[in-house]
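*Asks:* Residues per chain, in single letters:
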Amino acid sequence: MTLIGWSQTLLFFALVLALTKPVGAYLFRVLETDARPLPRVLGPVERGLLRLCGVSREEEQTWGQYAASLLAFSLFSVLGVYALQRVQHLLPFNPQGLPAVGPELAFNTAASFTSNTNWQSYAGESTMSYATQMLGLTWQNFASAAAGLGVALALARGLTRRPGPEGRKTLGNFWGDLVRATLYVLLPLSIVAALFFVSQGVIQNLAPYHGVDTVEGAKQTLAFGPVASQEAIKMLGTNGGGFFNANSAHPFENPTPLTNLVQLLLIFLLPAGLTYTYGRMTGDTRQGWALFAAMSLLFFAGAGASYAAESQANPALAAAAVAQDGNLEGKETRFGVAASTLFATVTTDASCGAVNSMHDSFTALGGLVPLVNMHLGEVIFGGVGAGLYGILMMAVLAVFIAGLMVGRTPEFLGKKIEAREMKLAMLYVLIFPLVILGLSAVAAVIPQGTSSLNNAGPHGLSEILYAFTSGVANNGSAFAGLNANTPFWNLGLGVSMLAGRFLMMVPVLALAGSLVGKKVVAPGPGTFPTQGVLFTGLLVSVILIVGALTFFPALSLGPIVEHFLGAAGKVY
Amino acid sequence: MVSTLLVALRASVVTLVLTGVLYPLAVTGMAQGLFSKEANGSLVRDGQGREVGSALIGQGFTRPDYFQPRPSAAGQGFDATASSGSNLGPTSQKLRERAVAEAERLRRENPGAPGPVPAELVAASGSGLDPHVSPEAALWQVPRVARARGVDPARVSALVRSQVEGRTFGVLGEPRVNVLTLNLAMDRQFGGAASPPATPLGAAEPVSPSPRGGLPGR
Chain A
-10 MTLIGWSQTL LFFALVLALT KPVGAYLFRV LETDARPLPR VLGPVERGLL RLCGVSREEE
50 QTWGQYAASL LAFSLFSVLG VYALQRVQHL LPFNPQGLPA VGPELAFNTA ASFTSNTNWQ
110 SYAGESTMSY ATQMLGLTWQ NFASAAAGLG VALALARGLT RRPGPEGRKT LGNFWGDLVR
170 ATLYVLLPLS IVAALFFVSQ GVIQNLAPYH GVDTVEGAKQ TLAFGPVASQ EAIKMLGTNG
230 GGFFNANSAH PFENPTPLTN LVQLLLIFLL PAGLTYTYGR MTGDTRQGWA LFAAMSLLFF
290 AGAGASYAAE SQANPALAAA AVAQDGNLEG KETRFGVAAS TLFATVTTDA SCGAVNSMHD
350 SFTALGGLVP LVNMHLGEVI FGGVGAGLYG ILMMAVLAVF IAGLMVGRTP EFLGKKIEAR
410 EMKLAMLYVL IFPLVILGLS AVAAVIPQGT SSLNNAGPHG LSEILYAFTS GVANNGSAFA
470 GLNANTPFWN LGLGVSMLAG RFLMMVPVLA LAGSLVGKKV VAPGPGTFPT QGVLFTGLLV
530 SVILIVGALT FFPALSLGPI VEHFLGAAGK VY
Chain B
4 MVSTLLVALR ASVVTLVLTG VLYPLAVTGM AQGLFSKEAN GSLVRDGQGR EVGSALIGQG
64 FTRPDYFQPR PSAAGQGFDA TASSGSNLGP TSQKLRERAV AEAERLRREN PGAPGPVPAE
124 LVAASGSGLD PHVSPEAALW QVPRVARARG VDPARVSALV RSQVEGRTFG VLGEPRVNVL
184 TLNLAMDRQF GGAASPPATP LGAAEPVSPS PRGGLPGR
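If you read the protein sequences in the order shown, they are chains A and B. For reference, each letter of the first sequence is one residue, going -10 to 561 in the working numbering. For reference, each letter of the second sequence is one residue, going 4 to 221 in the working numbering.
The set of hints was computed from the structure by calculation and includes no laboratory data. Bear in mind that the values here come from a model prediction, so they are computed numbers and not experimental data. Note that CB positions come from ideal geometry on N, CA and C, so glycine has one too. There's no promise every hint is true.
Heads up, incomplete: computed chain A residues facing chain B, CB under 10 Å, no partners named [as the list claims (entries may be wrong)]: (1) L41; (2) L68; (3) L124; (4) D202; (5) N234; (6) S237; (7) F241; (8) T245; (9) A302; (10) A312; (11) E318; (12) G449; (13) S451; (14) L471.
Using the sequences and the hints, build the whole thing.
*Replies:* Here you go:
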């Protein structure tokens, strides 16, 4: 580890910290008030888009209506992305003449991009036409992020709205949230970011792949495409699906250390800003900063552990008697160990899943960090929307535990947390490990699971565990040696991604619906404050206890045992 | 329920057209107008004006009079339609064997090199298309390249140093040398090497290039 390496992390975090308030305030303004920018230009566009969707008057929705809208939209999203892949050979913008994508892979990709996971069982440059990349994948990069944002808003509204005399039961309008998040937030930021990326060397064209004769006379074919437009929303929407197989390690996706920093910032931008938005919604911004502080603590723990682990030598290279300064297998020279481990931490803290280095080739403990980040529930800033509703579910749990300790009914923002709320919170907490560990256990013992492994020994188990963790956590990064393009893996991971998205969103919305009608109790001397250091500490403890204890046994058989075997010089 | 489905269908079409058609096409139009060179792959030409690749995409170099890049796991090596890392883990026997073989080859081809082999020259990059090596890894190859070209190693070292890109703002990323750009600069300064297997210009004692493919794919 070097001072310069650490400065890079600190510079990144300082920028996140500086951007949180302006971004959060802007999100609050466009999503929660009527004082939106450029009302004479964008106002008619917004209303026009809603009218085209068939929403002439925005009506407030109950949690059930909100969830039904979300699920119906997601259903057409899955069907749309599936259909595009199946007929891409018939569509224009396919200069390489790529054939139709097979049914299992098309299902997996449709589930993946709709659920904001962006797991990729395919290599983009050899599988997806430009039409599929734009119409299918870029579309869902926007749509899934906007939908996630909507769910977070709905939960925050459930927590913060005061019931009227007749008892208010509504959480906003899904279609309004979807359109406004796209129009005022995702599109403008993406256009600016995409043009910046092009200026730095990220390609953006619709030309066929380009053949050159290299200096030594070999043939090299350069894969082309509309990369920058997808790159921008891939990071901003915490999607993470690369245009190319190598994702943000590919020089055409992430050519310089500066684009790398901007990509990192785009990942955390909206999730960090949303903590401030939430604070504004509660009427006390300290509520948001308390969440921000908990997230930041966990971020630094991961960043430090990852950087320290990857600064060690790779045991597999020991016998080659080379001068090792950190583990460079799978890392790009322009990023080195520091920027690669920072990226690995940020991309798994947030449920982004883009990679600028190959996590599969990290040291055992270096690979453990991304796994643990995901196991904590994607709440360390987390996905766009998903991070905020995830950490609020953890906050409900923390408030409940605090209530148990002092022996009174817990309240959160003055609303009583009772049996129904706790059942929904526990449902949310339990679905996650159940699907991950259940499917990993199956894959580890059947040949359809193990025949796809790229590494033997404990690292093979890590590949399996990583895949299902990434799927259910809607992250999308991978120990990419695993050959996931088989019927078993495509279907298993497809199901796990849908479960991790929708089986968890429904309890969130139900909880919001249950809270929104509750009376607000004035804080008394026994009220546990949710805006202070004590709460932040308790929240971090709850996140660590729930996540770490659930997954420790599985991790001890994968990366932890691999660490000791590697240190002893064992290879498989 | 039916009305919800109908709205959902219409919203799907509306968002698809807006973000899947208009947005990428608009960005393509602006990018082609504003940054045409970058948007189309930052292609570079050699001294004869021949297009030889992209400044951003690594390509294979095996001849002794050229600086060599890191190992590539993209296809059969630097296949820019099959970007990939090796994805071999820290307890992988394959990785150990590959690294040992690469290190032996490098030691054999670089008898005059100072010190042990830099690890990055036996470690495959993440994309398989990494265009860079570190300044140390480039300088390590100077004795071989200088001998193959029959020029003073000090002049070659000076050229390498002039090609080093530092950290952005002094903080971001790592210092690096673009292998393609460096080799083109070598040809400009010390005479363009003809196409293989010609003897490098002025080489007193040509070192025979050893066959070197990429890494086996996974």
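*Asks:* Now tell me, hint by hint, if it's right for this structure.
*Replies:* Now the hints, each set against the structure:
Of the supplied interface hints, the one on L41/A holds, with its beta-carbon coming within about 5 Å of a beta-carbon of chain B, less than 10 Å. A hinted interface residue such as L68/A counts as satisfied when its beta carbon comes closer than 10 Å to some beta carbon of chain B; here the least separation is about 8 Å, so the hint holds. At its closest, the beta carbon of L124/A sits 4 Å from a beta carbon of chain B; the interface hint therefore holds under the 10 Å criterion. Checking D202/A against chain B by beta carbon gives a least distance of about 7 Å; that is within 10 Å, so the hint holds.
Given the 10 Å rule on beta carbons, the hint for N234/A holds: about 5 Å separates it from the nearest Cβ of chain B. Annotation: interface hint on S237/A holds; nearest CB of chain B at approximately 9 Å, less than 10 Å. With a least beta-carbon distance of about 6 Å to chain B, the hint placing F241/A at the interface is held under the 10 Å criterion. Because the smallest distance between the Cβ of T245/A and any Cβ of chain B comes to about 7 Å, under 10 Å, the interface hint for this residue holds.
Here the hint on A302/A is kept, as its CB sits about 8 Å from the closest CB of chain B, short of 10 Å. Contact between A312/A and chain B, as hinted, is supported at the beta carbon level, the nearest pair being about 4 Å apart and thus within 10 Å. For E318/A, the shortest C-beta to C-beta distance to chain B is roughly 4 Å, which falls under 10 Å, so the interface hint holds. Hint status for G449/A: holds, given a least beta-carbon distance of 9 Å to chain B, under 10 Å.
Because the closest C-beta pair between S451/A and chain B is about 8 Å apart, less than 10 Å, the hint holds. Of the supplied interface hints, the one on L471/A holds, with its beta-carbon coming within about 8 Å of a beta-carbon of chain B, less than 10 Å.
Violated hints: none; the structure is consistent with every hint.
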